[in-house]
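2 protein chains.
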Amino acid sequence: MNNFVFYPATKYVFGKGVENKVAKELQAFGMKKPLIVYGKGSVIKSGLLDRVKKSLDEEGIQYVELGGVQPNPVDSKVYEGIEIAKKEGVDSVLAVGGGSSIDTAKAIAAALPYEGDFWDFYCGKAKVTKALPVGVVLTIPAAGSEGSGNTVITKLDGLHKLGMGSDVLRPKFALMNPELTFTLPPYQTAAGITDMMAHIMERYFSNTPNVEITDRVAEGVLKAIITEAPKVIANPEDYDARANIMWSGTLAHNGVCSGGREEDWATHGLEHELSAVYDVTHGAGLAVMFPAWMTHAMKENPAKIAQFARRVFDIEEKDDAKAAELGIEALKKFLTSIGIPVTMKELGIENPDVKLLAKKVTENKGEIFGNYIKIDREVAEKIYSIAAES
Amino acid sequence: MNNFVFYPATKYVFGKGVENKVAKELQAFGMKKPLIVYGKGSVIKSGLLDRVKKSLDEEGIQYVELGGVQPNPVDSKVYEGIEIAKKEGVDSVLAVGGGSSIDTAKAIAAALPYEGDFWDFYCGKAKVTKALPVGVVLTIPAAGSEGSGNTVITKLDGLHKLGMGSDVLRPKFALMNPELTFTLPPYQTAAGITDMMAHIMERYFSNTPNVEITDRVAEGVLKAIITEAPKVIANPEDYDARANIMWSGTLAHNGVCSGGREEDWATHGLEHELSAVYDVTHGAGLAVMFPAWMTHAMKENPAKIAQFARRVFDIEEKDDAKAAELGIEALKKFLTSIGIPVTMKELGIENPDVKLLAKKVTENKGEIFGNYIKIDREVAEKIYSIAAES
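Heads up: the protein sequence lines correspond to chains S and X, in order. Be aware that the first sequence starts at 2, since it is given in our numbering, and climbs by one per residue. Be aware that the second sequence starts at 2, since it is given in our numbering, and climbs by one per residue.
It is possible that some hints are incorrect.
A pair counts as met if it fits within one copy or between any two copies, since identical chains are not told apart.
With a cut-off of at most 25 Å between alpha-carbon atoms, the simulated DSS-like pairs for lysine-lysine come out as follows [as the list claims (entries may be wrong)]: (1) Lys128 <-> Lys22; (2) Lys356 <-> Lys319; (3) Lys319 <-> Lys232; (4) Lys375 <-> Lys46; (5) Lys128 <-> Lys156; (6) Lys128 <-> Lys25; (7) Lys173 <-> Lys12.
Since the hints were derived computationally from the structure, they do not count as laboratory data. All of these numbers come straight from a predicted model, not from anything done at the bench.
The following block holds chain S by itself, in its conformation from the complex:
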């Protein structure tokens, strides 16, 4: 087991009606004038945003707004937020929405106390050491950003989709009401479920030996997701199933599935290029890229994929290579069952430019990346080809 630091300092307030505590939590964390960051659709239509603003008004909390954040959030919106935040003198950021709004909020929070360009943090030129406090009212369980210090932004110039992280960017609080997820369409629900599974698998596929406690927790979260996912697809207003899925999304990414091992994250890198170039939903891109990555990886290194197959999908097969293969099939079957595409074709990408994708991923992730297996441009091309042909 490797040395590690785990500092999960977010206050999670979970359950029915908790969004009504937003003013109280802002006050508790000394957040006196937040910039409210949100998207384009559901938080406005559902009336949630109005309710949040009303509860701030009632407590006399001033705020300014940044709406219109899009999925796969972009740098131009961050720059817009930074300008508003500076002009209005906000002291904190409140995201109302899902991963895109939260990641944009974190980017702005990191940028405010920094003199340089915020993109420095994403391209690796600088490290975040301080940030404005961030609060969250979560409406989409998927990215896990409500409990992590991570953020992913796409730079429009060149379509570079890059992530970065720091414990100082962990939200101070996250208000999580599963009822707010009742209206999520099935496809978006399934894409979110895929995203949370991928967050666990990126941590799970590791060569660090003897991390039984972290393996078992990760397998437990995966098993819970697999049990609860069909329920939320069948009945979007099943409160308990929505609650299980929502909390699973947080545990998938807050670090409790990380402790003591090297992580992989190659598949996220591979998928980010798909999202950036073809503008696919992140979770759906992962449903295509993870089986493809596993199909290639098991040839070199089947052991952990076989363990995944046995412990998560109850595959009874002693041979590692065969078990791994059956595990990949079981994963695809599960993803298909919840309505998420597992091939590029199903995703609407008929003739993917695998050479361009492989070139871009090595530009962004490095000439050689990944840990469970090492990936260079040639291997990346192979994996994209598997995804294209499967």
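We have chain S; now place chain X onto it with these hints.
Below, chain X without anything else, positioned relative to chain S:
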């Protein structure tokens, strides 16, 4: 799934050599003059305490000391610590040791900003709303106090052993080096393992339905403990096994196994009387009381005990009552295999005063306590009798 708040705001620094970061972490959290709280034995003999003090000296951090904390820590030591802390004007508390030192440190930390008697918090007269910051260098994986806001103290007058908790008492940081646990004797190691399993089981045996995610995480931590425990007993210097056990002890009690359900904690109540009256090791007392509680509870409510049997001990039996029974047997067999007593006799209590124990537990826990099943004085007597006769 019930509403819940989960605020796990401890910074865990885990791995080889992390105790050397104590001065750095004290400084990071603004702890300028700590009271160092420790026990009588191993932290002194091993030289750890001297190393901690030396590293504080080197950084010019002032400190005062409170040594001699005993297992099942008592109020008199807390009062002694409060007096020293007030006189010397400390601003924080640093526990070096296991649960007893940490629980004493938390009691002192809560008492300092409070005008009344610190026991008010334990007997339910007052709630902790502020406290001095607490830091931890952990040497005994068992109580999970390094990652919880809980503390248990015994009042010598009447031998009342009571616990209380508040998020403000969660340690700011916990330095956890598994190497520091190499010298723990097998019996103490096994008692610690039992304690952590009990922490999970108190949360797991719940009537709250549809908490799959929390169940799966809890089962995962239990399975990891069951795999790793025999390794640390067989080879006390197996670093990875010690690391898995140490981290399991934290996850068992920091709340990640709690989310969204009513908890039980009856068995801890029952055991606290055993510890208080017969001065047995807490973990060993739990190894006796948990199977006894389960043996009684399964008659009224076998469902969750059957799930425990199937998912944690892989019992393949469809009938709930039979599965539960086999699960209890498997648990006893496991505990026996790591060298921990599972009967009062093995614990050296030949003729327990079950009437006195039942009287005291209802005095301390209430006339009716427990959630998975309801326990009154008569039922408590029955459970103590099962433990006495088994």
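Each hint, compared with the structure:
1. Lys128 <-> Lys22: Between copies only: 21 Å across chains, 32 Å inside a chain, cut-off 25 Å.
2. Lys356 <-> Lys319: Cα proximity of Lys356 and Lys319: none, with 37 Å in one copy and 54 Å across.
3. Lys319 <-> Lys232: Between. Shortest inter-copy distance 24 Å satisfies the 25 Å Cα cut-off; intra-copy 31 Å does not.
4. Lys375 <-> Lys46: neither (45 Å within a copy, 47 Å between copies)
5. Lys128 <-> Lys156: within (18 Å within a copy, 50 Å between copies)
6. Lys128 <-> Lys25: between (31 Å within a copy, 20 Å between copies)
7. Lys173 <-> Lys12: both (6 Å within a copy, 14 Å between copies)
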